[in-house]
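Listed here are the chains, written in short residue letters.
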Amino acid sequence: MASVAERLQVSPFMTFFVIVSMQIGVGVLGFQRVIAKTAGHDAWISVLLAGASSHLILIVLYWLLQQADGDFLLLHQRLFGRWVGGALSSLLALYFAAMAFVVLRTYIEVIQVWMFPDLKTWEFSLAFLFLCLYITVGGFRVVVGICFFCLIIPSYLLFTFWFVLDYTDFYQLLPILDHPPSTIVKAAKQMTLTMLGYETILLFYPFIKRGNQSAKWAHAALLTTTLFYALLTVLTLAYFSEKQLQRQIWPTLTMWKIVELPFIERFEYIGIANWLLIILPNVCLGLWCSSRICKQLFPVRQKTALLVIAAICFFSTLLIHDRKEVDFVNTILNRVGFYFLYIWIPCLAGITYIVKKVRGNV
Amino acid sequence: MTAPPPSVWATLQTLGSSMDFQTKVYRNDTSGLYLWVSYIKPMVDIETVARSIFPYLFHRPFSSLEDIRQALPIDDAYISSDPNDVKAKLLEGYLFVRLHETDETGLLIKAQKTLERTLTIPEVEFSVVGPKESFIESLETNLYLLRKRIPIDRLTVKMTRVGTLSKTKVAVVYIDGIANPDNVQTVLQRIEQVEFDEMIDSSYIVQIISDNRHSPFPQLLDTEHPDRVAAVLAEGKVAIIVDGSPHVLIGPTTLVEFFSSFEDYFLNWTIASFFRLIRLFSVTFSILITPIYVATLNYHYELIPKDLLGTLITSRREIPFPPILEVLFLELTIELLREAGARLPTKVGQTIGIVGGIVIGTASVEAGLTSNVLLILVALAALASFTTPVYKIGNTIRLMRFPFILFAEMWGLLGVAFCFCIVMTHLLYLTSLGRPFLAPLYPPRWRDLKDAFIRLPFTSQSKRPETLRTEQPIRFNRKKAKEKRDIDE
Amino acid sequence: MSIRTALLIGFTVAILCGCLRKEILDDINIESAVGFDEAGKEKIRGTVLIPVYKKGETANKTLTAVSPTAKDVLEELQYKTSEPLVNGSIETALYGKRLAKRGIFPFVNKFHRDASIGARLYLAVVDGTAERLLEGRYGRQGSGIYLSNLLKQNIEQRDLPKTNLHLFLKTYYADGKDPFLPYIRRVGEDVQVIGVALFRNDRMVDTIGRSDMFYFKIAADAYSEGTHTIRLNRQHYVSIKNISTKRTISFSGPKTRPHIHVHLALEGVVREYKRGAFTFDVRKSVEKTFEQQIRSKTAALLRRFQEKHIDPIGFGDLAASRYRQFRHRDFYKNYSHLPIRVTAEVTIRDTGIIE
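As you go down the protein sequences, you meet chains A, B and C in turn.
All residue numbers for the first sequence refer to the UniProt record's numbering, where the first residue is 1 and numbers rise by one.
All residue numbers for the second sequence refer to the UniProt record's numbering, where the first residue is 1 and numbers rise by one.
All residue numbers for the third sequence refer to the UniProt record's numbering, where the first residue is 1 and numbers rise by one.
Just to be clear, a hint being listed does not mean it is correct.
Only pairs whose alpha carbons sit at most 30 Å apart, straight line, appear in this in silico BS3-like list of lysine-lysine [as the list claims (entries may be wrong)]:
| no. | chain 1 | residue 1 | chain 2 | residue 2 |
| --- | --- | --- | --- | --- |
| 1 | B | 306 | C | 97 |
| 2 | B | 132 | B | 169 |
| 3 | A | 37 | C | 297 |
It is worth saying that the hints were derived from the structure and are not from the lab.
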């Protein structure tokens, strides 16, 4: 067991907040269009399918963690030796760092399109990364605290969808299963990209008290996000007509445009500003995971690693100039995440199983 | 510090350089022996001396100091030859009696003058219902007030002296068997380590032993209510009483505790919960309303409902300044009024408040310096910041507004959200005596929420707060406290 | 400590550099309504209405510009104002009749693309030119608010079916439904809703008059509040209020040529009846007459839609939700000849506070 002092650990049920806050990010603002393009008004079934598959992967992840006594990086090393294992782990570090950067850049893109067209990327990115550094330097406990509050506080946004109900036509969801199963599965595959984020469990597992008890909370988290996504998909499909939805880059934000309160004429501005809180745990946890891997692999202090990674993230955000490039990095990252979780993790499980059979222990 | 004087005689010589130090020679009527009596005049209660000490010194026979000590009706009298002790006691108001002028040994007799004000009603934390007595500047009296409320043997008092010059007595009070020993240890250790010369008040201690000394958030609660201290001691907290300060410190504390008035416990739980929510709302309102004004007027005109648009525009039409200057001008004016009101005597202060509020407010609107909508908002925000039951957190809230305003000016609502995140992170970092400051919100202690944003009835308060990790988590038997009655019984 | 210092420096730098373009409320011209008209071939006349807020009353200012394409009309106007024109608070967009016949999509899409425009923006077609309508002075709160309140009131409590920017786009992009918009006209110093303009894609092809609007609304949209007066015989009128309707559309037969059955159930309260007691028999006869009227008028409307080959009710979309593998093209090939049956059921719940 990777030894982590007890005062640094968090209770098992915090896993729920970490995973949910990690899963919900910029993807929520626009995933509906992609899956609706493939599966039409049956897209919500794809969401449920994707949710179910993520539960399966999570079970595998927990099995792997148990084989490795809670330290996933150790598993890589034991199976593939120091150099290959280390290389694989550093790829993982790169992945998490890229996640932080892509989320941040996409959010900046949203702000630039919806709120401040003249917001300078470097300016916001710098300030935001400083904030993230401030949080991450506090260690995992502070990061989890941010995950917790950044999920609890913006949860009031759910109520705003109540106003959307006035403009929904639920008959648009009928007839159910009108699309061939193959397209629904294909959309489910696209949906898995939005569900990414729970793989962080591989790294923060040692930081949970009585780690094996966290499994039920992790599953509860997946279930919550799945249901949330399914609900949002249903609402979106009922709110837009099919071709109209294809025109929206960020359907969730467009839906907010209809919300009108007696004292707020337009809600999407509040929503976007609030989304900062949703993005924050994504970036912080990405930075934390990445720097944690660096600390374990290389002889560096986590603080130093963190500074370097944040600096890399900062310069990467500057390299992306327009929507097309933002889309491009999103697609790449999502694909990597998909291959990691749905191809690499099952393979790893298979190898572990065989090695266990042959050697007797891993 | 100079090296300790080598002898009692030298000590007396040093003290003798002050005019109020006196040494007088008396002759005993019966035995004819001479007595040298030294004391510092202002510290000694002359009446006590004349009534209950001098008769025994001058009119009774004795052969040694020991004889006098036994004859005296005063307990606190002993023979000492330690120069440091003699000096300390003399400074506290003891008489020092010797048989010969150069004797190194003498009798110390307590004849301290105690002058303290009588118990008064609390002035800072006023409450309509509930006990009206408040702490005063005397440590003994304060301890008396506590002991009276908690008459059990496990109420433990640990004393130390702090300050190289002031030698202030500091008492750490807790209930043994309830309070977590870790917390007590932390407090004692931090007080031991205090390095300061003149310890005037408990607020010095707060600033020195706080976990984060730079944070604008107070990390120990101070109160002048003995009832409140007694109640939190029973919950398992630790109190710090400083001699000469009418404010007692309580720790570990949490952010929500600063927004709970002790009066909440004297009211029915529904009403108390309502008041707490009001307070919470007013704090949020007070911090956020002017930043939101700046953000909306600068960047987000789309948000304003169309019926309000006209009102806002007409009120802003004549104003030559951008919203940020307008807001800063008014906010600073209000702070000015508050500061002036606090410095002036009560009566004058009130007048200044009214004159300033009405005259300056109206005049600045008339002159077209500020808009009347903003005037209302700022006045309301100021009012809301005074609903906090603890004075110190009110100051924090007023200060918090300014970074929010700056961020709102920079990035509109996004800036407000950004600043919120910074404050949230700062609060996550904070601890009070090593315990998380944001508890019971984070780390979440669901059961402690019974006494956070709302206050549930006493029957559901049968457990002590989880965050304190008390040694005895149960307060009382919940089953006995609950009423079990059928219909018409 | 070093991190803290770095943070401070970082924030300071960010604050110092942070200068976004501000839109300070009183230093901008906030458009409250816009209008588009045809101005000769391939030219567009754009009009914006800017409220000028004063104490107690709001005056109006209109600006007009002509430009060859839809995109530049409003940008053209920037040259005519001392303070920047912003369009985030537009409540109403009007289209002249002639322009509406030519197609309004480019002018709607402009709003669709603009992040600062709300989805509740009202669109309407003007009988005449939008410019002339916007030049009028209506109401004390300014013409912009007057116009949006007028439409809002008519949608929420009268016979206008629900429309706004979002719904227009939703139906425009929908395969099985055609958009419609309110049809308004300036009458002296007032604006009146005179009907509903019906569109095929983005071109106005027909209008419904005010007398038919009630029947259109109950068929196209739900009715929740409002009053309708029916004529019993030559001089007897009954006003029915608090009408709530429920529309049921069912399909039977093959999916390319379904039989459509529209059932309208309506509940209401009698508000005004001038002749004597409102007995059980009277009630029955009122119900019957009303049912009869709904049947015939609605059927006539639907017939007209079929002839014009438009589908504002959304039969296509409804059918798509009933049949698997539905193809809109096949459905609309036969649309004009589909048998549509209309039935109605009126219940008068109450007779007000007197018998």
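Hints and how they fare:
Restraint check: the Cα-Cα separation between residue 306 of chain B and residue 97 of chain C comes to about 28 Å, which is no more than 30 Å; the hinted pair holds. Proximity of residue 132 of chain B to residue 169 of chain B is assessed by CA-CA distance (about 26 Å); at most 30 Å being required, the pair is judged to hold. A C-alpha spacing of about 40 Å is found between residue 37 of chain A and residue 297 of chain C, which places the hinted pair above 30 Å, so the restraint is violated.
Checked against the numbered hints given earlier, this structure breaks only hint 3.
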